[in-house]
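As given, the protein sequences belong to chains A and B, one line each in that order.
Residue numbers for the first sequence, in this note's numbering: 4 to 216.
Residue numbers for the second sequence, in this note's numbering: 4 to 216.
Some hints could be false.
No distinction is drawn between identical chains; accordingly, a pair holds when it is met within one copy or between any pair of copies.
Think about it this way: if two alpha-carbon atoms lie no more than 20 Å apart in a straight line, the pair counts; the simulated DMTMM-like pairs of lysine to aspartate or glutamate are [to be verified]: (1) Lys67 to Asp90; (2) Lys67 to Glu92; (3) Lys125 to Asp183; (4) Lys81 to Asp183; (5) Lys81 to Glu92; (6) Lys81 to Asp65; (7) Lys143 to Glu42; (8) Lys143 to Glu46; (9) Lys201 to Asp80; (10) Lys67 to Glu195; (11) Lys81 to Asp213; (12) Lys143 to Glu54.
None of these hints come from the bench; they were simulated from the model.
Protein chains: 2
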Amino acid sequence: MTIKLYCFGESGNAYKAALALELSGLEWEPVYVDFFGGEARSEAYLTNVNEMGEVPVLVDGDVKLTQSGVIQQYISDKTGKFGGNTDAERYEILRWVLFDNHKLSSQNGVTRFLLNFLPEDKRPAQAIGFLQGRLQAAYKVLNTHLEGRDWIVGDGLTNADISCCGYLFYPEPYGFVRADWPNIDCWLSNIENTPGWKHPYDLMPGHPSDRGL
Amino acid sequence: MTIKLYCFGESGNAYKAALALELSGLEWEPVYVDFFGGEARSEAYLTNVNEMGEVPVLVDGDVKLTQSGVIQQYISDKTGKFGGNTDAERYEILRWVLFDNHKLSSQNGVTRFLLNFLPEDKRPAQAIGFLQGRLQAAYKVLNTHLEGRDWIVGDGLTNADISCCGYLFYPEPYGFVRADWPNIDCWLSNIENTPGWKHPYDLMPGHPSDRGL
């Protein structure tokens, strides 16, 4: 049975799940969620798909899972890929997945939304500046960790990489400038050069141009 | 050997680890981190304790772990407690730990800091209002989930509860009003009534009054 993933192209959180599925070799297909039309906050979605009002949601037969980090763990449990080889690696991968959820993708996602997908007269400038300041600190932590490393944990691609890169390939400006962070830049190239890698807009349906942006 | 936990009383993220340790029955002792004096952002701390510049950090012999969710997982692996009994429960617990890191404790922590621990003339009012709006949405998700439930996952206390309650017992005002959310209120009482439960300020060293607040 083909795995279904509720997602849309603009979501870096959905991208983390979609990229893990794609690189794992599992058969999957996207189910488009009209986030910008309000679908994820509708009563039908909250009741039937995800009470948290978010993407991604994975459906694999009777299994339904939400939160990108849970879906990544499920793919690792199912395929043996990206989840680490020792207890120490598994804890270290979870550590970076949590850092990403707490400080990186969470704040990347909301800042990019505010700066690119809200009308210009509705953008809260001080909140955006505040979030961008916190993001610079998070980029610094990641860039420092990647000094002398090709991957965040161990010597190959893991869920730590797939999580932390969630929003970093998108072209819309929100404060992340790849050239400012040379170690992050090299590491993103390593991910892009992984066989089967795809850009979020090539992996999931939905693009800002669909809404005239 | 006694487990050491780098922490301070004002940190709800550290509280999640401290409460899991305390309720697990493991022997542990706190190591006070002078966060407000800048210790967690010092070169010595970043190099020797945690490159992420955060608490909590657990040291158990040769094992050093950071991120509250990783420490909770380690305690569950070591004691068999709070980690769920089936794969479905384990995924569901991780789901709420990630939701907490993404939407709940993360934003609770920073909003409480800005409103209570920054000088009044340095508080970014618009950013605070923005974060409070997002927090109301997160409280609603949790309150709705807790309808008819005593615990977030299954029929007893798990890491999902210990994670999501991280900042909800603190007295400093930041926008969470317990009486506004009846299901959260009952659930917090269930946690408080768990044998061995302690308030964050009774479990870890450091209190706002130490700084004259």
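Inset, instruction - Sort out which numbered hints this structure fails and list those numbers smallest first. - result: Hints 3, 4, 9, 10, 11 are the ones this structure does not satisfy, whereas the remaining hints hold.
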